[in-house]
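Visitor: Please model the complete structure; the sequences and the hints are all you need to start from.
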Amino acid sequence: MIVIIGNGISGVTAARNIRKKSDDAITIISSESKYFFSRTALMYVYMGHMTFEHTQPYEPHFWEKNRIELLQNHVESIESNKKELRFSDGSKMKYDSLIIATGSKPNKFGWKGQDSKRVHGMYSKQDLENIEKSTKGIASAVIVGGGLIGIELAEMLLTRNIEVHFLVRDNGFWSEVLPSQDSQLIMDHLEKHHGLRMYYETELDEVVTNENDEAIGVITKAGRKIECQFVGLTAGVSPNIAVIEGSSIESNRGILVDRFLRTSEADIYAIGDCAEFREPLPGRRPIEQVWYTGKFMGEVVSETITGSPRQYNPGHWFNSAKFFEIEYQTYGDVRAILAEDEEEFVYRHATEDVLLHFVFEKESHKFIGINNFGIRMRHPVFNDWLLNNATIEEVLSNLKSANFDPEFYTKYESEVVAEFNQKFGASVAVNAPKWWQKIISH
Amino acid sequence: MKSNYSIVGEESQKLSVFKKIGILIFILGLTGLIELIRISIIDKMKFEDIEHYEWYIFGSFGLQLLGTFLFTYDRHHFSIKSAYLKYSNKIQKIGLAISTLGFGVFSLAWAGLITSNHTLFLWLSMGLMGIGTMTYTYGSYAGHLKGIKNNYVMFNSLTSRGILGWIAGIVLTLFYIQIYWFPESLESLIRLFDPLAYLFTGAAAGQWFVYGTVYTFLIFFLGIKFIYKYRHNRYQIIRTISVIFFQIVFAYAIPHILEAFNDYQGYFAKDLKNIWPLNYGFVESYQLDAMQNNGVSGTFYFVWGLVLFLIITPFLTYLVGKRWYCSWVCGCGGLAETAGDSFRHLSSKKESSWKIERWVIHLVMVFVLVMTVGALWPYFSGKEFELGFMTIDQKGFFYTFATLLSLSGIGLGILFFKRKHNMLLIGALLLFALLGFLTWAYLSFDPKIKVKDQVNMYTLKAMTKSSVFYSYMVLILVVSGGLFFFWRRKKKVLLLIAAIAVLVLAGLLTWSFIEGAEEVFSFKSKSIKKSYGFLIGAAFAGVIGVGFYPLLGNRVWCRFGCPMAGYMGLFQRFKSRFRITTNGAQCISCGNCSTYCEQGIDVRAYAQKGENIVRASCVGCGVCSAVCPRGVLKLENGPEEGRFDSNPLIVTKDGVKLN
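Protein chains in written order, with my numbering: chain A, 8 to 449; chain B, 113 to 771.
Derived by calculation from the structure, the hints in this document are not laboratory data. Predicted model only: the values in this text are computed from it and were never measured. Glycine residues also receive a C-beta, built at the ideal position from the N, C-alpha and C atoms. Any given hint could be a false lead.
[Claimed, not checked] Pairs of lysine-lysine, DSS-like flavour, derived with a Cα cap of 30 Å: (1) A:LYS407 with B:LYS258; (2) A:LYS119 with A:LYS132; (3) B:LYS721 with A:LYS28; (4) B:LYS721 with A:LYS418; (5) A:LYS72 with B:LYS132; (6) B:LYS467 with B:LYS687; (7) A:LYS140 with A:LYS232; (8) A:LYS132 with B:LYS721; (9) A:LYS41 with A:LYS27; (10) A:LYS132 with A:LYS115; (11) B:LYS132 with A:LYS41; (12) B:LYS721 with A:LYS41; (13) B:LYS467 with A:LYS72.
[What the hints assert, rightly or not] Residues from chain A shown here face chain B by an in silico Cβ test under 8 Å; the list is partial: (14) ALA48; (15) THR62; (16) PRO64; (17) TYR299; (18) SER327; (19) HIS386; (20) PRO387; (21) ASN390; (22) PRO413.
[Stated by the list, open to error] Where chain B lies over chain A, by a calculated footprint (3+ residues, C-beta under 8 Å): (23) 157-171; (24) 332-346; (25) 415-429.
Guide: Okay, here's the thing in structure tokens:
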């Protein structure tokens, strides 16, 4: 009996992959929802792009067909010595192997009024339901925290004609991750949205509430008061590890795991957002909280559990996001601040929201990574370049083969390469097949 | 006011009793149409002469609407004050008001209240609707940055099967029923279009002129709306300009200009881009006559039709997929992509819908093929074609019966042979087969058996023939089912179905023998054509295909019915360079692609596994790629090798795959 706590992408990927290799009974427990849904799509439910059912990747018969039991209940505690789970309704359940995939929870930093009514994070299905109730018919909102979830929440609220005051701690948007040029592109784009007011280098001091304990405004650390009827707390997330409280499973910020995703207790594994590596992989963070790493950990743990132990060894970093209308992808390592031995080349289009940020080694010209905004790039091609230590010149001269924009889109490669050549005194030529060659040949 | 918005339905995904009743009522509605065909064939009557004709038509489509309502009930809301008006701005509201005014004038003519000043009212109604649509478009998208604009789609009463959606669906259905079967009831609306018809063709307007004009009008104005909505996406812009161009020039202008010079051959007659089998009229004898007798232009039309079907279609579909036609050229596709864009998310993405889709579209293909053979046969042989079973005398009957009996016995015997637990049954069946064989052998040695007097089939009681008609329908279903399972290589089921088919056939023969029939059952080619035109051409492609846009989505016909789409789909699936590429492992399973796929393809199911999407039904509209927030999907033509491969990206040096 394999039991998985949490039916997010990590837990569900683990269950699916275990089923491919084993006939063991599998149960997924979640108190959030019975069926798996895509958390990243919740914003589209609020905006009316999709209904909640649309966010569910599998039909109910999928779980029956694959004999994956779905249990909607809340795990109160884990008794690892008895190999038993206790639920909040008092019932118990035995397991042979346990996978903890409980994900994250929104950060709260002890602000006064942070637990009041009309103050919510944006993470779970329940958060979305609360936001829906709290924002019905209101005029203005404050969002605290300038990261990916904050900007999504801003986009959501603007569709309901709510004025958004967006407080960002740093002097640029998502500047702990994005280099300043990239951050600037997003900041310029944000300026174009009516009803969105940005407050950089501004931190929340307290949430002001009325006699019903409802948020009616915020006060910033600089003493500025902003009136609002809703406060969104999106200052990052941290591992949701309430389930291991009172157990002997070791934890730090997250549940501590080794490279095989094993916790300190036998037959208990932790994957996804809630796991923290005892020894982080070189160049990576101990806690990885993105969709893809969760998916990958789910696959890795499925191998270990089914008898062919495998270490978590993800390949080159990649990620993606969308900031209002600007699509963003990244391959390899582009850090907020350039390292000593790194060189960068940034192309930004004069009028369109298009930016390519290349990073490569100063000496060898080995390609290190790219941030691409407003142009889609092929993952397999960049992954190959990274695996094969391609140089920046190789990447640029073959850039057209990595372009993943829909047909007939304006192509910027020649301009990009010309600018590179000018800046670095290089003579890179652009290789690209003609459109008719693409139709009739490889 | 009840909220338009709720996070519902976690448990509502299973088929409730409500939905099952909905399906039954829908099928009952279909049966009404088939009954109409039956009466018309057996009593040799024109549809319009059948007693209670209008009740059959309205009753059938009414039941289909009711069935659809019950089936989709839990997915829509019925708040009159929809979110649309709540969140729409002033310009949008002004645009809506102007359009409503224009449609009001149109409705007055429809209701027979406008009898004079046609020129004024025509321009007033079309003009106001055009200006209103453009104003609304401007209000909707001008104030926003270019990008995906799907806000409120699921809250809007019109686009989420709310009250407005249902009103639109019923009005459209009514319009289609009238134009196909009760054109005389549209008399005053048709007269409204006279001024325009005189301008183009020099003659008064007919129902199809009105239809063509309204159709082209919708594609033009809602096409502009679509282009403005997707102004950041050049694939969408170019493709929409293409469908607008082909509609205005090839479907509307050229046929009407030719009509002014020539004898009128029907609305579809000279639309050069309308390909058989979508254009089933191509093989009508009057068309073939016209082609034969019209000298060079007739010959050109004939040769062009053949070349289009046999050479151009397969070749282009091989190169770029069926999108070259379905979402770049075709009129049905053109309307779906422009006027139907607001309803694209209503298509069902369930696996069960996919199954139904494959059955229905391939049955329609078989139907059109039979119809075509039936139409061409008399044309080239000079004799009326009849599809039916042999004329039977006593001897022939016994021969056939014995053969069938043996075959079914052997079939059933083989089927159950492997089930060792029932030896008795096997024994009985083998005996059964042996008896059949012996009868056959005995009869074949006695050639002097009496021949029963020939009986004219027309003396048969209508009752008997009706029963035979429905048995025949069952037979067709059973045989096609058999073929389907054969394709799936489920040999046991195949045998069972073949045995049942043979038994049904034997039953039919027995029945007709007892009744003294000379023919078991026969369709005259005319009846087949008539049935196809009524059931598929009008009821399916028209009423359900377009009338049900706001209820079942904008591509119901293209997905479930169109034999042309089915034909190209075979190439697209098995021999084509087209696919939708999935970008490595970037998919976040959000579901925008599946939601906005008008063909009901669960795109996400492929994308989240890193698989390319190769599906017969994909019309290549490119909207999945457009709405993807992470740049995961791209419509591409490329080498055939590896097109189907599940090729999840290898992300690590030690060869770990991520899927």
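Visitor: Now tell me, hint by hint, if it's right for this structure.
Guide: These are the hints, each one checked on the structure:
1. In summary, the hint linking A:LYS407 to B:LYS258 is supported, as the alpha carbons are separated by about 24 Å, within the 30 Å threshold.
2. The suggested pairing of A:LYS119 with A:LYS132 holds, with an alpha-carbon distance near 25 Å, which does not exceed 30 Å.
3. Taking the CA atoms of B:LYS721 and A:LYS28, the gap is about 17 Å. The hint holds against a cut of 30 Å.
4. For the given pair, B:LYS721 sits about 29 Å from A:LYS418 by alpha-carbon distance, which is consistent with the 30 Å threshold.
5. Straight-line distance between C-alpha atoms of A:LYS72 and B:LYS132 comes to about 22 Å, which keeps the hinted pair within the 30 Å bound.
6. Straight-line distance between C-alpha atoms of B:LYS467 and B:LYS687 comes to about 22 Å, which keeps the hinted pair within the 30 Å bound.
7. Of the pairs offered as hints, the one joining A:LYS140 and A:LYS232 holds, with about 24 Å between alpha carbons and a cut-off of 30 Å not exceeded.
8. A threshold of 30 Å between alpha carbons decides the hint, and for A:LYS132 with B:LYS721 the separation of about 24 Å falls inside it, so the pair holds.
9. With a C-alpha separation of about 22 Å, the suggested pairing of A:LYS41 with A:LYS27 holds against the 30 Å cut-off.
10. With a C-alpha separation of about 18 Å, the suggested pair A:LYS132 and A:LYS115 falls inside the 30 Å cut-off, and the hint holds.
11. Restraint check for B:LYS132 and A:LYS41: satisfied, since their Cα atoms lie roughly 24 Å apart, inside the 30 Å limit.
12. For the hint linking B:LYS721 to A:LYS41, the alpha-carbon distance of about 22 Å falls within 30 Å, and the restraint holds.
13. Distance hint between B:LYS467 and A:LYS72 is fulfilled; the C-alpha atoms sit about 17 Å from each other, no more than 30 Å.
14. Contact between A:ALA48 and chain B, as hinted, is supported at the beta carbon level, the nearest pair being about 4 Å apart and thus within 8 Å.
15. Evaluation of the A:THR62 hint against chain B yields a held restraint, the C-beta minimum of about 5 Å falling below 8 Å.
16. At a threshold of 8 Å, the smallest CB-CB gap from A:PRO64 to chain B is about 5 Å, leaving the interface hint in force.
17. Residue-level restraint check for A:TYR299 holds (minimum Cβ-Cβ distance to chain B is 6 Å; threshold 8 Å).
18. A hinted interface residue such as A:SER327 counts as satisfied when its beta carbon comes closer than 8 Å to some beta carbon of chain B; here the least separation is about 4 Å, so the hint holds.
19. Taken as an interface hint, A:HIS386 checks out: its beta carbon lies about 3 Å from the nearest beta carbon of chain B, inside 8 Å.
20. Here the hint on A:PRO387 is kept, as its CB sits about 5 Å from the closest CB of chain B, short of 8 Å.
21. For A:ASN390, the shortest C-beta to C-beta distance to chain B is roughly 6 Å, which falls under 8 Å, so the interface hint holds.
22. Evaluation of the A:PRO413 hint against chain B yields a held restraint, the C-beta minimum of about 5 Å falling below 8 Å.
23. Counting residues of the region 157-171 of chain A whose CB lies closer than 8 Å to any CB of chain B gives 3, which reaches the minimum of 3, so the coverage claim holds.
24. Counting residues of the region 332-346 of chain A whose C-beta sits closer than 8 Å to any C-beta of chain B gives 3, which meets the bar of three, so the coverage hint holds.
25. For a cut-off of 8 Å, the count of residues in the region 415-429 of chain A with a CB near a CB of chain B stands at 3, and the three-residue condition holds.
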